[in-house]
Amino acid sequence: MRSDRILLAHGSGGTMMKELIEEVFVAEFGDESLKRMDDAAALDLPAGRLAFSTDTYVVSPLVFPGGDIGRLAVCGTVNDVATSGARPLYLSVGFILEEGLPVEDLRSILVSMREAAAEAGVRIVTGDTKVVERGHGDGVYINTAGVGALPEGVDLSGSHCRPGDVVLLSGTLGDHGIAVISTREGLSFSTDIRSDAAPLNHLVAAVLAAAPDVRCFRDPTRGGLASTLNELASASGVSITVEERDVPVHDQVRGACEMLGYDVFQVANEGKMVAVVPAGQAEAALAAMRDAPYGQDAAIVGAVAESPAGKVYVRTAFGATRIMDMLVGEQLPRIC
Amino acid sequence: MCLAIPAQLVSEPNEIQMVEVDILGVRRHISTMMAPAAKKGDHVLVHAGFAIQIVDEEFAAESLQMLRQMGIKTAEDLEAEAAELEAAEDAADEVPTP
Amino acid sequence: MSDLSSGFRDPEIARGLVDAIRETAQSPCTLMEVCGTHTMAIAKHGLRGLMPDTITLLSGPGCPVCVTANADIDLAIEIARQPGVVLATFGDMMKVPGSYSSLSAEKADGRDVRVVYSPLDSLSIAEREPEKHVVFLGVGFETTSPNVALTIREAARRALPNWSALSLHKTVPGALRALVNDPEVRVTGFILPGHVSTIIGLEPYRFLAEEYGIPSVITGFEPVDVLQGVWMLSQQLAEGRAEVEIAYGRGVSAEGNPTAVAAMEEAFAPVDAEWRGIGVIPGTGLALRPEFARYDARARVPVTPPAPREIKGCQCGDVLRGVLLPFHCRLFGRGCTPEHPVGPCMVSSEGSCAAYYRYTDYGKD
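Chains as they are written, first to last, in numbering that gives the first Met the number 0: chain A, 0 to 335; chain B, 0 to 97; chain C, 0 to 364.
Some hints could be false.
To be verified - Restricting the straight-line Cα-Cα distance to at most 30 Å, the calculated cross-link-like pairs of lysine-lysine (DSBU-like) are:
1. C:131 <-> A:310
2. A:34 <-> A:129
3. C:106 <-> A:129
4. C:106 <-> C:131
5. C:106 <-> C:311
6. A:129 <-> A:17
Stated by the list, open to error - Taking beta-carbon pairs under 7 Å as the criterion, some of the chain B residues facing chain A (in silico):
7. 25
8. 26
9. 27
Don't read these hints as lab results, they were simulated from the structure. Here the structure is a predicted model, which is why all the values come from computation and not from measurement. Note that the Cβ used here is the ideal one computed from N, Cα and C, for glycine as well.
Looking at chain A on its own, in the form it has when it is part of the complex (with noise of 0.2 Å):
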């Protein structure tokens, strides 16, 4: 690459965007089906069913404690992918670059990316990118999808989620959204908390073989635990009640949310995984959880019953009992 800079031009079809991509994107990423640059890759699959995910990613900062970006990108797409009990297997990239980004930035982006699709034994085979003229863009944003071989008579949905179920969470909340805020403009302070972006493949495939009837999966991100049970507890016409005092949280991440006004029920997860599975697999899914990657912390935090459909509660240290209600909009912090 003779520029430093990603330029308009990177963008355009000609030579430099060749450059780009054969010396950047394909010298990083480095997967065989990239280096033969055609339009399409052609990949093996397994028997069975596919599963298939996309989302896009923007963050600001870029780079955060505890990951990045791409980072996010990678495990993001291959935790959704995850969630329905496929094992995931291939991943496309686009990117929408802004002019004037450091090529460095880029480069050291997509290192992220590489090492987590590694860890999470997904190859990245076919991408795409586009240039946006500075000042139309963060930086950088990425739309990633994913595929997985799904095996036969696997069949989780946020619907299946029965009265007497148990529900897990595979570590602390709140971490990445607490690493991402005390970065902002006006906000700042220090912590050593750290993103938990993580991919949990590993972690969904050891439940689902300890815990054969397991209801569904779901990585708890925007909106927090408190989205993703109320999610559920709507697909399935059930009620579901978390105990507050089982909830693993870091105290740094507590520290925060009092700071800010922030309820760490609606802090976002990039690494955490909810369980939902019948009592009496239980304990064999917790184990199996907190032998897995990323799962150590792992805790039964809740319990689903038949009534009043829809609703998620929580019950309090003191034994009272309030609902979990989802974030409205954004999260703001508050001195009230």
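With the hints as your guide, set chains B and C onto chain A.
Chains B and C in isolation, oriented as in the chain A frame:
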């Protein structure tokens, strides 16, 4: 609009009365202009980036002590109460009818 | 530290207090909290459900966001619309609807509205961006106004040419007097705001007990604090006493914080203020004193907002006076929800309608 939370001073305030505080491990700079006596190690109530008061820790400990003693019946208390009640009933039974 | 944060959330102590309250509160009473943070604490910890049937907990005009008049929000919005202006605000104000718009809608339209955690952070913006004029939107009661007063003093010390404050600050005791003078309002005890009292102390509330015979207890915000406040009120009621007491001694002394009060008085002078739902209450607003005119946004960024418009059907005013429970408002949950708020009590995170809507099943199917 009065969210104020306890935080501990981790250094002495500087010449413009700014200081770093710790809130459950989270660090932030705040102003001690309103609590000029605050020094390293003190807990203060922080509201919107200002210490508005030094927390009276001795008072806090005493009130907790008072509240703990007040209402809580331990298992032992309950047993003792039950025993007392029983003894009273026995005594009542033993009162000879005139 | 462990006791400071966890001791006042100790469920054992809470249970003891709940038992004591049940024993003491034999006759019906209506206790009003006048601090939105209490509204939130009661809702978030589910304390309402722990009260005996004899105790009704009401929320009064304690959310500064909620009591801010439409015309004042319109003024802030009009200032944000001026070219070159950065409006810095607490996050609480972003979604509050004025007559025609809200700050978050203005931001979406391209106005430069930024959320800060501390007013001091707005000074840093002014220093970093000297070509802009930064207006800090000062909202809040006595807990917050000294912070803004000291920020004004700090702006003067740094001789910042491009920073000013729009004071919409209000003071609490005068509003309490207006409330108890309102024949529709029936309150048998006040849960007084802990952190406002940290600043002003106990004296300014004396009239509640002495002139009106209403027991009043300055109360903190952890669950144990709130329960202790309720317990002390029920004791006063049971014993037929009316006094102003402190249930939050670790954070409030009888004399308050004189440094903070002096700072507030240095920067601000009392003016009449319009409270949503209550009307104009003499002497309960705070305006920048003339000697600080160069830091007064009203002088630095003079604007004329459009005539304010009342929100049709909204009963926030009655809710704020504790005359109407949120879920009895005809709009509650029907056309007025946190997603699509009609009135400020539903939008502010500490508004009593929002607290009811978010944390309870009242008024929903």
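Structure-based check of each hint:
{"no.": "1", "hint": "C:131 <-> A:310", "verdict": "violated, 48 Å"}
{"no.": "2", "hint": "A:34 <-> A:129", "verdict": "holds, 19 Å"}
{"no.": "3", "hint": "C:106 <-> A:129", "verdict": "holds, 28 Å"}
{"no.": "4", "hint": "C:106 <-> C:131", "verdict": "holds, 16 Å"}
{"no.": "5", "hint": "C:106 <-> C:311", "verdict": "holds, 25 Å"}
{"no.": "6", "hint": "A:129 <-> A:17", "verdict": "holds, 12 Å"}
{"no.": "7", "hint": "25", "verdict": "holds, 4 Å"}
{"no.": "8", "hint": "26", "verdict": "holds, 4 Å"}
{"no.": "9", "hint": "27", "verdict": "holds, 4 Å"}
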